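We have chain A already, so just place chain B on it with the hints.
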Amino acid sequence: MKIKNYFLASGLALLLAPSAIFAQGPLDPSLLLKPATDAWPTYHGDYSGRHYSTLKEINASNVKGLTLAWVHRVNLGSAGAIVGGEGPDSALAGGAGMEFGGPSIKAMPLMVNGVLYFAMPDHAFAVDARTGRQIWHYVWKTRGGIHIGNRGMGMYGDYLFFETPDNYVVSLDARTGKERWHKLIADVKQEYFSTPAPLIIGNHVIIGMGGDSLDVPGWLESRDPETGEIQWKWYTTPRKGEPGFETWPDEYSAAHGGGMPWQPPTYDPELKLLYVPTGNPNPVMAGQSRNGDNLWTASIVALNPDTGKLVWYFQCSPHDTHDWDATQVPVLFDGQIDGRPRKLLAQACRNGLFFLLDRTNGKNLLSKPFVESLNWYKGIDEKGQPVRDPEKDPQIAGVLVSPTSDGATNWPAPSFNPDTGLFYVGTSQSYAMFYLTDLDLRPQGWGAAERGVGGVGNYLRAIDYKTGKIVWKHSTLIGAQGLLSTAGGLLFGSDGADNFVAYDPLSGKPLWHAGLTANPSNAPETYMLDGRQYVVVGAGDSLYAFMLQK
Amino acid sequence: MKGMKVIVIVAFFMWATTLAGAKQPAAGNPGNNPVAPQGGGPRFDQAAVERGQQLFVAQCGFCHGSNATGGQSGPDLIRSVLVMDDENGKQLGEFLKVGRPDKGMPKFDLSQEQTKDISAFLHQRITAVVNRGGYKILNILVGDAKAGEAFFNGAGKCNTCHSPTGDLQGIGAKYDPVTLQGRIVMPRGRGGFGGGPRRGPVEGQALRSFPTVTVTLPSGQSFTGLPLRVTDFDVVLRDDSGVLRSFTRDGDTPKVEVKDPLQAHVDMLAIWKDSDIHNMTAYLVTLK
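Protein sequence lines, in the order shown, are assigned to chains A and B. Under my numbering, read the first sequence as residues 1 to 550, first letter to last. Under my numbering, read the second sequence as residues 1 to 288, first letter to last.
Chain A on its own, in the form it takes in the complex (with noise of 0.2 Å):
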């Protein structure tokens, strides 16, 4: 399929055509609570993180007529657009705050009554799902921050959230795009940065924040939708008291221990369990001021959505001395295990390791190596965790390890597809060497230096959830990448050189590819609109949307 040429017809078209029709509303809360057909209503679809969607208008035996409906490429300029934030006027200039090797969406838009929403740094946007025109530009002026990506918005009602790198919440009206108000949640000048989505449960905005720059405290809050006050905050290492604060020396340590929230968190309603997956442990690779298991870093937590206290946790990586962070989506599904039907959480962690959890109590069904380049664990412990091979932790000399801190997968959605009963994820095997730079006995920031000397490949993968086994590869030029599989017997995702695939879900075998101006940055979605199935993609500074040729 030539898109390229595509794109100047349909730019055309675009111009000539006639305003669009749009009806825009709230959102309405039920539709968070099963998966989207109709909608995309947030970052993950729905709270399960599976980016699985029933619809199948778009199937194996039709994909190959899919076709471009729209692009829309997004302007950055201020000109015509809404402008908040706290820092100067000068912040505004070349696009406002400039991200990270060049504007790329890593955002899951909201699609919600044909209008999708999405925030890229410093950046909102609301656009006509039927069309890709634009309906409205927010702006932030920046006070800094790393401007290293922007997962999207949540949305509660009429209100939108998003989460700026500078470190506000910014809410604003879903209609007109004006703010409503915006609220500060850490400190840029401590290196903090936020990416997150917010997660909207009830009424509560949960968001998370980043940065492991500096030796600072990490946490999880909720806020108010309607006045953005606070309403509970969860650190991510335990203060003295707490269970956990057993696993650092000191009370120091562990309040310098990093562990920062900063992937969109997944939520069971029934069980009223939210899954949180935390970041790496500070000083990031120079662990001897925290000798312990430094919980709850590199772990998966699940807590109470209303209160923010602990229920259960799993450490994928105790004692973390990578940058393997736990911040991949924990996808939660029902299956069978041992003939019984269990509640399940899946998780291709940074590390390496494939954890299959029983998600009402965190206890462990399956820990197994999804690469086969690891060389950095002894074994797994009787919890399910891995003991790790303290000669593989950085020495002055250096040692070579696989993975990198890149990881084995990073944030990017995996998909799980109920109907092959396979749990998809882009992978990579790479290998570096580390060096430990920081000999001193109270370390600071990261106290190491990688450098990467190869690796032996990337692949898409598709996992056998009950046995951790590997059922298919197929070779990429990309390692971690975002995915949706479908009841239409589809699996979306792309091959690193700009390439759009729909895979087939039970082989790998690609069926059908557009190629793109850009690789996609994050994880296709679907939804039907006015009896179509559309199939969006964000792939650098555009947005693309796919359907069926008439």
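Since the hints were derived computationally from the structure, they do not count as laboratory data. One or more hints might be untrue.
To be verified - The following label-pair restraints were derived from C-beta to C-beta distances: (1) K272/A / Q54/B: 57 to 63 Å; (2) P106/B / D306/A: 45 to 51 Å; (3) N304/A / V81/B: 27 to 33 Å; (4) K272/A / K273/B: 47 to 53 Å; (5) K469/A / C161/B: 35 to 41 Å; (6) A150/B / K469/A: 24 to 30 Å; (7) S507/A / C161/B: 33 to 39 Å; (8) P218/B / P341/A: 50 to 56 Å; (9) L441/A / F44/B: 23 to 29 Å; (10) T286/B / I396/A: 16 to 22 Å; (11) F62/B / D224/A: 45 to 51 Å; (12) I396/A / F62/B: 54 to 60 Å.
Computed from a predicted model, the values in this text were never measured in an experiment. A virtual CB, placed ideally from N, CA and C, is assigned to each residue, including glycine.
The following block gives chain B in isolation, referenced to the frame of chain A:
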């Protein structure tokens, strides 16, 4: 031809990432691993930093440690929120005029300029922590050169392709030890953070370490060259005469074969013992 060079380098980068298992930064797929603060971070007046350091060591070091990471009685100032929030000595100066008598910290009578200098020193220290790309790797030459030589000629089988008097002559003078160590493991070069090789061949660099691709058409006609792009759907190569050729792929047609002259190095990744890497580094640095 300048444009062509750019294409080649970009495409080689893509190729390298296949082998490396690295992610393409351009694909918008990083973790939370930024390598430098936005805009390269603040700049410091080095003279002010040095004056500040002298003042700090003399006035503050006894409690806060000479490098400001804390001492017997004073906290780590690299982690001090007051210091992080300070702007050019303003907040620090106000604080020092009062001190924290309840915790045993006296007030300090310092001039505005002195406070500014101390602030410059502390902020430079914080920036050095933040700027992980600037961390200095320490002395990595801890290995045994003789054991390295034995590995080279024995278990490592390095001498089947390399010679200390041939291609590796003078290699210890050509590279610093860290670069040399990276090239022992992966001679195509190494990238920065967390990834694999982040560049293709640069001008003048020997291409013999880069792969070749052969495309064989159903007619039997075949083309061999440098793989600029190999995906499920297309192949682009540059042949020996410099001609760029592109092919679309449909499953197994045409036939595509990639040969990597460094396959032995790729295979070694899973086998290396760190002690062998250290010994090999110690050996090769002696080849001046």
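Hints, verified against the model:
no.	hint	verdict
1	K272/A / Q54/B: 57 to 63 Å	holds, 59 Å
2	P106/B / D306/A: 45 to 51 Å	holds, 48 Å
3	N304/A / V81/B: 27 to 33 Å	holds, 30 Å
4	K272/A / K273/B: 47 to 53 Å	holds, 50 Å
5	K469/A / C161/B: 35 to 41 Å	holds, 37 Å
6	A150/B / K469/A: 24 to 30 Å	violated, 41 Å
7	S507/A / C161/B: 33 to 39 Å	holds, 38 Å
8	P218/B / P341/A: 50 to 56 Å	holds, 52 Å
9	L441/A / F44/B: 23 to 29 Å	holds, 27 Å
10	T286/B / I396/A: 16 to 22 Å	holds, 20 Å
11	F62/B / D224/A: 45 to 51 Å	holds, 48 Å
12	I396/A / F62/B: 54 to 60 Å	violated, 30 Å
Comparing the model with each earlier hint shows violations of hints 6 and 12; every other hint is respected.
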